[in-house]
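Peer 1: These are the residues of each chain, in order.
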Amino acid sequence: MIRSAFASFVITAVLLVLVVGIVLVPIALSLPDPLAVLDTFVFGPFRNPRHTGNIVEMATPAMMCGLAVAVMFRAGMFNLGVEGAFFLGGLATVATVLLVPLPAFAMAPVGILVGAVVGSSVCAVPGYLRARYEASELVSSLMLNFAALFIGLFVVNYFLRDPAAGAMVSFRIPAEAKLPKLIAGTRIHLGTLVALAACGLGAVYLFMSRAGFEARIVGSNPSFAAHLGLPIRSILLRSQVIGGLIAAGAGGIEMLGLYQRFSWQSLPGNGWTGVVVAILARDNPILLIPAALFLSYLQVGGDLIARNFDVPSEAVGLIQALVLVVVTAQAIMRNPRLIRLVTGKKPAAGQAQDTKAVEGSVA
Amino acid sequence: MTDRPLIAFAGISKTYGNGTLALDDVSFAIRPGVIHAVCGENGAGKSTLMKILFGLEQPTSGSILLDGEAVAIPSPRIAAEKGIGMVHQHFSLVPSLSVSENIVLGQEPRRGAFLDRVAARRRVEELSRRYNLAVDPDATVRTLSVAAQQKVEILKALSRDVRVLILDEPTAVLTPPETDELFDRLRDMRAAGLTILFISHKLREVRALASHVTVLRAGKLAGDAPLAAIDDEAIARLVMGQAAGPALKRGGRVSGTPRVVVSGVHLKARDANDRLEGIDLTVHAGEILGVAGVDGSGQRGLVSLLTGRAQPTTGAITYEGKPTAGLGTAALRRLGLAHLPADRFQDGGSKRMTLVENAIAGAHRLAAFSTGPFLKRRAMETRTEEMIVHYKVRCPGPNAPLSALSGGNAQKLIAAREFATEPHFMIADQPTRGIDVAAAAFLHERLAELAAKGGAVLLITADLDELLTLSDRIVILYAGRIVARLENEPGLTPERLGPYMLGLESAA
Amino acid sequence: MTDFDLASLITFIPAILRVTTPILLAALGVLISERAGVLNIGVEGMMLTGAFAGVVVSAATGSASLGFLAALIAGGLLGALLSFAVHVLKSDLILSGIALNMAAAAGTTLLLFMLTGDKGMSGSLSSKVLPHLTVPVIAGIPVLGTLLSGHHILTYAAFLAVPGVGLFLMRTPMGLRLRAVGENPESAAIAGINVRRVQIGALVTSGVFAGAAGAFLSMGYVSWFSQNMSAGRGFIALAAEVMGHGSASGTMFASLLLGLAEAASIALQGAGLPSELMQTVPYLVPVIALVVHARRRQRQLARA
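If you're matching them up, the sequences are chains A, B and C in order.
FYI, the numbering for the first sequence is 1 to 363, going by the working numbering.
FYI, the numbering for the second sequence is 1001 to 1508, going by the working numbering.
FYI, the numbering for the third sequence is 2001 to 2304, going by the working numbering.
Bound conformation, chain A alone:
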């Protein structure tokens, strides 16, 4: 087991370097000074503490969205509502601190809690429809993401909009509601600690608690869960409510940690990043932390070259897409020859069987 985990780690690392290279090198070559572009992308994020801080700031929502995805995927639910939950959670948090008279100390916790509950509906409703009616959670969560976006924009436009600001943005978030900064010279805030703790708790939930064990049984084989008499529907619903709460809470934390006003005009994309992070971490809550940091490092590098050279930062989106494909690529990750190359030994029995099964050979 340990050997194959090691092989998988090495292969993943090599793949990531290759993927970054495949996207970045051609773009760099199309510009006047390719070496400077690569240098800025690779080393830039570490030259300035503020930029290094950016990595941690961006990793914070990525970790939590990744955790939300991992909790649902582990229960076998392909619920993609994380994107909408994050958006709606951020909005409901801002709406709460703006509209509800609260004492200063209660603003952030109450705001984030309300945001988490309201935003979680984007994951919980598809979860309920799946548990109650067996309606595909994949399709309904994709739809509700967009419904959440437009409902959110309606709320901003009609209830939160600051007429003095030029664009369609909310009033300023009160300073008392903001999450405290942790490190001077960066924007790293309390939310990062919350995210790290959430990943730790996520690992405890999935691997050390009865509820998490039951969710993993349902996720890995629902017929087995039925055979044991587990309450499948409530386990499915519970997993998706937990996922929604985490994702929506992340949206609230993001708003109170980094933003002056609610200014999202479209879905911010953090949920999709969460999917990539979760897949890269193989749905393991502890591995979410390095996975989120790595993807954020790429994003900061991408933003730096966008700022210093004439390139949009969208190149990073291409990298993310490729990461998603290659780390789930059985032909690469489970390739016996590659595993042998890394470990110098034959692959474990179970691994090889899995590869066979995936290749769809006729049994």
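Hints are computed from structural coordinates only; laboratory data are not their basis.
The reader is advised that the hints may include incorrect statements.
As the list claims (entries may be wrong) - One-sided excerpt, in silico: chain A residues whose CB lies under 7 angstroms from chain C:
(1) 139
(2) 150
(3) 151
(4) 179
(5) 320
For every residue, glycine included, the Cβ atom is placed at its ideal position computed from N, Cα and C.
Please arrange chains B and C on chain A, whose structure you already have, making use of the hints.
Peer 2: Structure of chains B and C alone, referenced to chain A:
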């Protein structure tokens, strides 16, 4: 007819990616125009060898000679071109397509850009007439009985101008009379010049049908002889590798009070094979009640009712006198139900999870394995290690995935979990299907032991030898009804069960 | 119903057909992929790329037809790419589809910037528009003319493709093989069918349909491409296919229903209702339809 072999296997070996040696240097020849039996226990390599001949698997080394020439068979399509057809153990039909669509699939008659459905139907009718196998070309395959699906499967193989027809355990799903009919058709085909490769582990059938037998054991060629030159004991020795053990002794069991009573139960199900129409049966403490019947006679419906996965449309079930209406699996398990499911990897466990997780699942909320909301991983592991030792589960370790285990060892681990609750009522559904003799014997002992200790056991099995070895009483299901109730007395034979299983006779 | 209402309803129908067109084209593509057992989640990204390719090539060549052809080819190529990820790299189908959507959103923005220096709009490219068709004779008849004539050429194509796809799936040897592959790939392989080739073909075809849907977005009524202009229509198409129970006609009726919802939301925005709330309607209707469908299925199971 010449003496030159039609097919010759020359030094065929097959090693799977996980290191399992499925075939080890197997060589033998098949003459044209005969019925040639290939015998061996489950896992002896029979199916693998046939898959290699049919192009579904590739040999690691060795070659196949067809008409004396070495040939490569990389896919079923190439096998078909060379005149090799196969009737699969688990049929290769597409359930939502019609009989004729299934048969012409891959070589469809066309009219312009469209499928010529008239020609397709005609082709099926011709085949059906030529081989005396009656089917309805327009029926949807899903609605057909297992025996009818097998006919379609055979016609599909024959529709490709085959010279060699492989049948992989074709009688496993048939009743004795259906088996007789199949054998008559196979003899007709041989008379028409076809060469037939008949895979079986039932000596009686091999003796009745074939003229030559090849025996495989643990991937190696154990023996190869004309049937006229070898007696049954010799074949059995080749198959088993040693003298077969004595049959399990029944007796020493006293039936006690009624434990599970099913009265007047009807079940309406979407699948006609699961329907029940007025079932009355009682399982007493301390007895094994055997349930016989052709696949799809209502067994699945009965199991889903008794395990709480469905509720009877009418009628009632009681456990130890208490009505179970409305209770689900969890509640029934609390009353003392345990269940060895027919499909062990589908329902009995999770391949991707570890042995510990598979062994403790269901019991994980007991105080022994959890404190508050948390699991005691150490205690779970210790308990699993005990199960592995006690049930002789061969495995790399308690934290290996279930997928690393063979079928027999996985079934032993699942049995360890189900027996661990000291059940009052055990449903054993095809408990030893497809597993090795030693593991099967071990599980038979456990079931007998449970009954001897006062447990009630419902044994559902297609293996009539197993049924007759273990049961105290036998009920036979046909089309959702009980058609016979028999005491399992010494003189009872599989042949006597046959007419009931096919619904030709009724004694209830 | 008063005469006035009837008249406004008739004038409303072309609007419904207009918004239904891209949904229907994409949904037929999803249908083909789904029946082959390879549900195309990447349809959103394929539409977006098709829309982009149509604008760029028609601007470069000055020809609307070449632009349309480029949109079809771009969709087909992405179908092949998705198939490469699934069949060669053996990546997860759904995740690869999501990745394709991410890559298409990023890639079109990147290329747009490289070509025009603008990230948001293709305003500086003078791209072409595909024509409308006037059906002779019928165009002159009062009500029938409004209903049947004067629509966009791709609207006719989309509705004519419905029986085309239906006949292909149910009545041709290729369609039979495709359905067999989707339902039971092992059996299809044993029958000598090359499962991988059928699925590759289905994904490429699915991409071509999505490309056509994309071309309608950027070349149907407007002559520009904007960042992320598919705006979730691919996902609506996905929902339409699911609602259509795997048949071409069912997919068409579901697409019309969703098109009606979208057209109504556009019309009601004009009536002074909050436009944001109206925009949620096309996304909520599929969810409701899924639940209705699922409940009916559950009731049927319960009754059986």
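Peer 1: Each of the hints needs a verdict: does it hold here or not?
Peer 2: Now the hints, each set against the structure:
no.	hint	in the structure
1	139	holds, 5 angstroms
2	150	holds, 4 angstroms
3	151	holds, 6 angstroms
4	179	violated, 29 angstroms
5	320	holds, 6 angstroms
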